[in-house]
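The residues making up each chain are set out below.
Number of protein chains: 2
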Amino acid sequence: MSFIATPEFLHFPQALPLQSGASIRDYTLAYETYGSLNAERSNAVLVCHALNASHHVAGVYAGQDKSEGWWNNMIGPGKPVDTNRFFVIGINNLGSCFGSTGPMHTNPDTGQVYGADFPVLTVEDWVNAQARLLDHLGVQQLAAVLGGSLGGMQALSWTLQYPERVRHAVVVASAPNLNAENIAFNEVARRAIVTDPDFHGGHFYQHGVVPKRGLRIARMIGHITYLSDDVMNEKFGRQLREGLTLKYSTQDIEFQIESYLRYQGDKFSEYFDANTYLLITRALDYFDPARAFGGNLSQALARATAQFLLVSFSTDWRFSPQRSREIVKALLDNRRDVSYAEIDAPHGHDAFLLDDARYLNLIRAYFERIAKEFA
Amino acid sequence: MSFIATPEFLHFPQALPLQSGASIRDYTLAYETYGSLNAERSNAVLVCHALNASHHVAGVYAGQDKSEGWWNNMIGPGKPVDTNRFFVIGINNLGSCFGSTGPMHTNPDTGQVYGADFPVLTVEDWVNAQARLLDHLGVQQLAAVLGGSLGGMQALSWTLQYPERVRHAVVVASAPNLNAENIAFNEVARRAIVTDPDFHGGHFYQHGVVPKRGLRIARMIGHITYLSDDVMNEKFGRQLREGLTLKYSTQDIEFQIESYLRYQGDKFSEYFDANTYLLITRALDYFDPARAFGGNLSQALARATAQFLLVSFSTDWRFSPQRSREIVKALLDNRRDVSYAEIDAPHGHDAFLLDDARYLNLIRAYFERIAKEFA
Numbered sequence: 000m001s002f003i004a005t006p007e008f009l010h011f012p013q014a015l016p017l018q019s020g021a022s023i024r025d026y027t028l029a030y031e032t033y034g035s036l037n038a039e040r041s042n043a044v045l046v047c048h049a050l051n052a053s054h055h056v057a058g059v060y061a062g063q064d065k066s067e068g069w070w071n072n073m074i075g076p077g078k079p080v081d082t083n084r085f086f087v088i089g090i091n092n093l094g095s096c097f098g099s100t101g102p103m104h105t106n107p108d109t110g111q112v113y114g115a116d117f118p119v120l121t122v123e124d125w126v127n128a129q130a131r132l133l134d135h136l137g138v139q140q141l142a143a144v145l146g147g148s149l150g151g152m153q154a155l156s157w158t159l160q161y162p163e164r165v166r167h168a169v170v171v172a173s174a175p176n177l178n179a180e181n182i183a184f185n186e187v188a189r190r191a192i193v194t195d196p197d198f199h200g201g202h203f204y205q206h207g208v209v210p211k212r213g214l215r216i217a218r219m220i221g222h223i224t225y226l227s228d229d230v231m232n233e234k235f236g237r238q239l240r241e242g243l244t245l246k247y248s249t250q251d252i253e254f255q256i257e258s259y260l261r262y263q264g265d266k267f268s269e270y271f272d273a274n275t276y277l278l279i280t281r282a283l284d285y286f287d288p289a290r291a292f293g294g295n296l297s298q299a300l301a302r303a304t305a306q307f308l309l310v311s312f313s314t315d316w317r318f319s320p321q322r323s324r325e326i327v328k329a330l331l332d333n334r335r336d337v338s339y340a341e342i343d344a345p346h347g348h349d350a351f352l353l354d355d356a357r358y359l360n361l362i363r364a365y366f367e368r369i370a371k372e373f374a
Numbered sequence: 000m001s002f003i004a005t006p007e008f009l010h011f012p013q014a015l016p017l018q019s020g021a022s023i024r025d026y027t028l029a030y031e032t033y034g035s036l037n038a039e040r041s042n043a044v045l046v047c048h049a050l051n052a053s054h055h056v057a058g059v060y061a062g063q064d065k066s067e068g069w070w071n072n073m074i075g076p077g078k079p080v081d082t083n084r085f086f087v088i089g090i091n092n093l094g095s096c097f098g099s100t101g102p103m104h105t106n107p108d109t110g111q112v113y114g115a116d117f118p119v120l121t122v123e124d125w126v127n128a129q130a131r132l133l134d135h136l137g138v139q140q141l142a143a144v145l146g147g148s149l150g151g152m153q154a155l156s157w158t159l160q161y162p163e164r165v166r167h168a169v170v171v172a173s174a175p176n177l178n179a180e181n182i183a184f185n186e187v188a189r190r191a192i193v194t195d196p197d198f199h200g201g202h203f204y205q206h207g208v209v210p211k212r213g214l215r216i217a218r219m220i221g222h223i224t225y226l227s228d229d230v231m232n233e234k235f236g237r238q239l240r241e242g243l244t245l246k247y248s249t250q251d252i253e254f255q256i257e258s259y260l261r262y263q264g265d266k267f268s269e270y271f272d273a274n275t276y277l278l279i280t281r282a283l284d285y286f287d288p289a290r291a292f293g294g295n296l297s298q299a300l301a302r303a304t305a306q307f308l309l310v311s312f313s314t315d316w317r318f319s320p321q322r323s324r325e326i327v328k329a330l331l332d333n334r335r336d337v338s339y340a341e342i343d344a345p346h347g348h349d350a351f352l353l354d355d356a357r358y359l360n361l362i363r364a365y366f367e368r369i370a371k372e373f374a
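First to last, the protein sequences are chains A and B. The opening residue of the first sequence carries number 0 in numbering that gives the first Met the number 0; numbering runs sequentially from there. The opening residue of the second sequence carries number 0 in numbering that gives the first Met the number 0; numbering runs sequentially from there.
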């Protein structure tokens with residue numbers, strides 16, 4: 000039985016200045032909290048999300064048994080991040096499409112739907128927006144900030160933008176920036192969306208259409224990069240969808256892997272916002288804390304004072320263990336307190352969301368250590 | 000100075016039965032030959048091509064200095080495959096779009112352009128069509144059949160379909176079949192093409208349009224898989240296209256890698272046929288000589304009597320060295336004569352087309368050995 004989660008919404012009338020020089024005002028953030036903030040306000044944990052996730056991190060919505068949060072195996076009563084001890088906060092990032100203000104909402108300056116005019120956001124902007132929400136919740140300092148993939152980048156950025164507000168950062172299956180191949184995959188996905196005739200330059204809302212073709216392609220590409228070669232071969236291999244006979248068709252589904260990818264693409268295109276896809280992949284592309292230091296990550300991370308846990312997965316080829324090790328090395332160059340685990344797991348990048356006993360126990364042990372600090 | 004190559008065209012009135020059960024009649028194959036067939040007819044080398052290549056393997060066309068064949072560094076007078084010694088044959092595969100009969104031609108049964116109705120072809124069908132052309136050229140037995148990537152699959156298939164007609168097979172950067180990830184990338188590319196509104200179910204010719212959006216996406220995906228992570232980082236890294244300032248745009252080009260991919264996609268969409276793309280990627284998907292043997296590659300290769308050279312490249316993640324080693328192992332299980340080289344090269348799958356001294360010298364040495372057999 001999962002516990003009941005309840006989304007909340009906070010409106011921010013004051014403009015948030017963005018890294019691009021633009022700003023956004025009159026925005027709303029959707030968020031959820033689990034557990035209770037202790038009297039010392041020292042047990043708060045912020046969970047940052049990746050591309051296709053939200054503030055709904057754990058629990059289920061009342062009356063919706065299947066609505067488990069995206070990290071429900073990690074967070075909850077008695078879970079590795081135990082909500083009996085920690086006050087856990089999930090926030091839907093600005094520009095996303097799950098409750099916070101995004102491209103499908105109305106621009107207060109024009110009265111029109113933002114669409115492609117929604118300001119371009121960065122990881123740093125998200126962290127600033129999250130910090131304002133924490134102010135509202137009365138959380139001055141986080142016991143920990145935790146995230147996987149793009150969420151891990153936010154966790155890392157927290158330690159640089161607000162070093163005094165973070166005691167621990169847990170950065171899972173992440174990277175200090177995207178490499179050329181990562182950017183390349185993002186760009187192909189974006190081109191598929193932008194060149195879909197139903198995209199209408201990002202203003203498809205008023206045409207009553209959705210660029211589903213592009214979203215499907217984007218999602219199919221994404222899924223390939225989330226899985227390892229090994230797990231794809233194990234799950235699908237060269238299995239035909241129907242029996243043993245080839246159809247000799249270029250357009251019909253022949254192999255199981257095709258069926259899987261089309262299904263994932265179709266599903267995604269039903270609910271994900273195309274402009275949000277562009278915004279979030281661009282935030283990924285831009286993230287690069289070393290950039291302001293001529294590419295020197297050690298210098299970039301000198302500001303961080305938190306203690307760190309880095310976790311990577313052996314078969315993750317999107318953000319390989321090597322990328323986590325770069326962060327570890329840069330932190331060690333600064334004599335920071337860093338723990339690092341490379342989990343031997345077959346599932347590729349997806350592993351950070353899956354049940355792997357060694358991984359879940361590792362996170363549990365780390366949070367037990369954190370809990371001792373305020374117990 | 001490259002030598003002058005001249006394309007030739009041979010019409011086949013007799014129907015070619017295809018693996019699908021369909022057949023194709025009144026088709027033409029474009030081909031080129033370099034060097035001379037010796038009196039014993041023992042020095043012929045067939046070069047098989049991959050997706051985006053043709054019968055124009057080497058040399059240049061008269062008056063077109065920049066029209067070098069796609070393997071001009073490998074084949075020609077004094078080159079590793081020396082046309083002073085060997086009679087080299089390049090054939091454009093059926094269904095391709097560079098001169099042989101393909102989807103853009105007229106179906107003699109209907110008087111209409113084939114379009115999506117062009118029969119689905121397999122590697123085995125191509126080999127059968129190539130064998131007929133060799134009959135016409137008076138080549139009963141090949142000194143060698145040589146190919147990279149999909150071309151390597153054809154070379155391998157030659158040794159199984161016509162074991163008595165092949166003395167040596169040189170299989171470069173290839174695989175005994177596609178794995179799930181390879182099929183997945185093909186499927187995304189196909190979906191991008193098929194769902195482009197300008198595809199018109201494969202009958203775009205009569206609409207006077209070309210599904211360029213889909214072709215661009217397909218080619219961008221292809222390019223990512225042809226390059227290694229390392230070479231992409233070295234060539235492009237996170238370099239911005241314009242100076243040092245970010246534009247904060249989701250649709251404009253920001254990084255060099257984006258510029259490169261868009262350029263490659265645009266160029267490709269100008270000349271490559273969309274139905275051909277579907278056909279060739281499907282032939283790749285289907286190739287699997289072990290299939291008829293319950294997946295047992297050793298049993299499948301028992302028919303081969305040729306001597307083999309297998310070559311792979313360390314950073315090729317499309318057809319990794321592991322895939323070549325599977326072929327080597329299966330041949331050794333049958334006590335065949337096999338040489339195998341794993342070239343430590345940074346360029347990924349593309350390496351098989353590039354100048355790498357160790358690789359070119361290896362092929363040279365192997366063909367010198369072959370030449371001694373008839374010298």
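Hints are computed from structural coordinates only; laboratory data are not their basis. A quick note: this is a predicted structure, and the numbers were derived from the prediction, not measured. Careful: at least some of the hints might be erroneous.
If chains are identical, the list can't say which one is meant, so a pair holds when it fits in one copy or spans any two.
[What the hints assert, rightly or not] Straight-line C-alpha distance at most 30 angstroms; calculated DSBU-like pairs for lysine-lysine:
hint: 1; residue 1: K328; residue 2: K234
hint: 2; residue 1: K211; residue 2: K266
hint: 3; residue 1: K65; residue 2: K328
Okay, the hints, checked on the actual structure:
1. K328 with K234: This pair counts as between: shortest inter-copy Cα distance 25 angstroms, intra-copy 35 angstroms.
2. K211 with K266: both (10 angstroms within a copy, 26 angstroms between copies)
3. K65 with K328: The answer is neither: 41 angstroms in one copy and 48 angstroms across copies each exceed 30 angstroms.
The structure fails to meet hint 3 from the earlier list, while all remaining hints are met.
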